[in-house]
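Chemist: Turn these sequences into a full structure, and let the hints steer you where they fit.
Going line by line, the protein sequences match chains A and B. As numbered in my numbering, the first sequence has no gaps in its residue numbers, which increase by one up to the final residue, 341. As numbered in my numbering, the second sequence has no gaps in its residue numbers, which increase by one up to the final residue, 341.
For the record, the hints were derived by calculation from the structure and aren't laboratory data. No incorrect hints appear here.
To give an idea of the interface, some chain B residues facing chain A are shown, with a C-beta separation under 10 angstroms as derived from the structure: (1) 154; (2) 185; (3) 193; (4) 196; (5) 210; (6) 211; (7) 215; (8) 220; (9) 248; (10) 249; (11) 256; (12) 292; (13) 294; (14) 304; (15) 307.
Just so you know, even glycine gets a beta-carbon here, dropped at the ideal spot from N, CA and C.
2 protein chains.
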Amino acid sequence: MKVLRNGRHSDMLAVWREGGTVYFIDQRKLPGALEIFEARNYRDIAFAIAHMVVRGAPAIGCAAAYGMALAMTQHDNVEEASRAIKATRPTAHDLFYAVNWMTEMAPRLGPVEAAAKYASDIIDKCRLIGQNGGKLISDGDIILTHCNAGALATVDYGTALAPIRIAHSEGKKIFVYVDETRPWLQGSRLTAWELTNESIPHAIIADNAAGHFIRKDVDCVIVGADRIAANGDFANKIGTYEKAVVARANDVPFYVAAPVSTFDFTITSGDDIRIEERSEEEITTMGGMRIAGPGEQARNPVFDVTPHELVSGFITEYGVFGPDGIKSLHGRL
Amino acid sequence: MKVLRNGRHSDMLAVWREGGTVYFIDQRKLPGALEIFEARNYRDIAFAIAHMVVRGAPAIGCAAAYGMALAMTQHDNVEEASRAIKATRPTAHDLFYAVNWMTEMAPRLGPVEAAAKYASDIIDKCRLIGQNGGKLISDGDIILTHCNAGALATVDYGTALAPIRIAHSEGKKIFVYVDETRPWLQGSRLTAWELTNESIPHAIIADNAAGHFIRKDVDCVIVGADRIAANGDFANKIGTYEKAVVARANDVPFYVAAPVSTFDFTITSGDDIRIEERSEEEITTMGGMRIAGPGEQARNPVFDVTPHELVSGFITEYGVFGPDGIKSLHGRL
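Modeler: So this is what it looks like as structure tokens:
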């Protein structure tokens, strides 16, 4: 992805490896500061996932692959590393997919090479998602996206943002409404930062305003996913379900962009997806500042489940599929 | 309303008059501090409305009535005062209703007496809204509300919160999900504060989580309104439309609580309601702290319009009416 620093553009990845160290753009610090987090062992990787130094299902998968490689090359107990990494966050399927993938592939390719392949595959898949999804975007379209399913969430290109990047690079004049995405503000902090770096016109809106704009002038909604069940029900950032319901009520196409690693064909429907609930402080405080009265209680589910009926299409590296068509992705890598 | 200070409950109004001064609980400062704003002339009143010292359609109406009384007793140019007060905010119908009401009633009753009657009428109407709406709430119900349509928004009792207060006072065991209501956080700052003062069980949620909980366990949604057109389309805090669409999709009753002063029978539908757009800084900063990157742009419509088809009932001081029944309120005071 393009990153603008001191008036100059450079190319960066959200996660990369050099020597024995894995580096992350620290997503807790953006957009105020561009800081790099260094992970030297699998425990650092587990910390980075649990504490959201890195987030977004495909990027979490990539971090997990690098974490497994570190455990393997440093002769840690690989079973223990696998358990520790899987225990960081419950919802993103890519996390579990990546750990299992490494267990299978590292003995064949070597741990470092396997993790490198996992990362470069994700980048390739996201570029394909961009090309497949870009065809759904017309010149002049206004697009709404929720949370950050950008390069930061996927190493490069993004899932939901990949079609937007490709459409923009093809010269289509597009405009993006960026839901700010409370409580963690992935939209106003991360998605807006990515779009600014790419010079893609956009405006941040309160999550509450998404319905107003979907009704008024949005041409399509594109979001990412954290886990997609065999029937097409999917978990994504809290609020996704509301946007999908409102899009359907206004006949606005609603697309889900995700690589096959996000599909969990072992579960039949969204009822089987475990929804993470994070700390109340994400709701009652902001940047350390208290924004609710003392003693106030909050509920903080950070994902919700959207039923497959509300999805116009799944944009994958293999093409765009309706909920009925995703069966054909089962078993593909 | 009950207010808990230094461990003791006292009774307070959101707006009141003593001598030649109008006092407001300063809603910009809650819940961190309970400060009183003093308005000594109509210009102070206009400032208080424009800068959201006071907000909420019925409370804005009451402030406007007091402002007109100040202008009249201080021998200001009443036409000018009327224009200045009406120019503060465009959406709440009560503002215009109250200024016109004062123009008609002050010559008959005297300005101070007319404003006092306007305020005490609002309190009575909200109590009736509570009694009429309280019947819709059953023991054990889980209720979701958006923004603050409480005593702070209406001098006392509230509109949406009045049925909740009455149900609680009757011993019904209820639980309230409080949408935090970005960007101004009327939910986490004001509604949660009111419910805590009344010891009504509740939890603050991100606006994004409303859909998740409506789908899971909410029994009814109750909101206020800023302006209701003759056909029942209504403007309320941004985000209301989304909650209404999701409630309908889940067969959850969706109620709008408002006094007749909020109904604007001069407009036929929601298309005629002017939607206020406030400053971008309400989105890009919080409490003075920047939460988006430098130069980021935002859109900040602070109300949206919900079509009447999505309303299960309008809870008024005269009873509960479906969209087809509100015609009968035309001309009532």
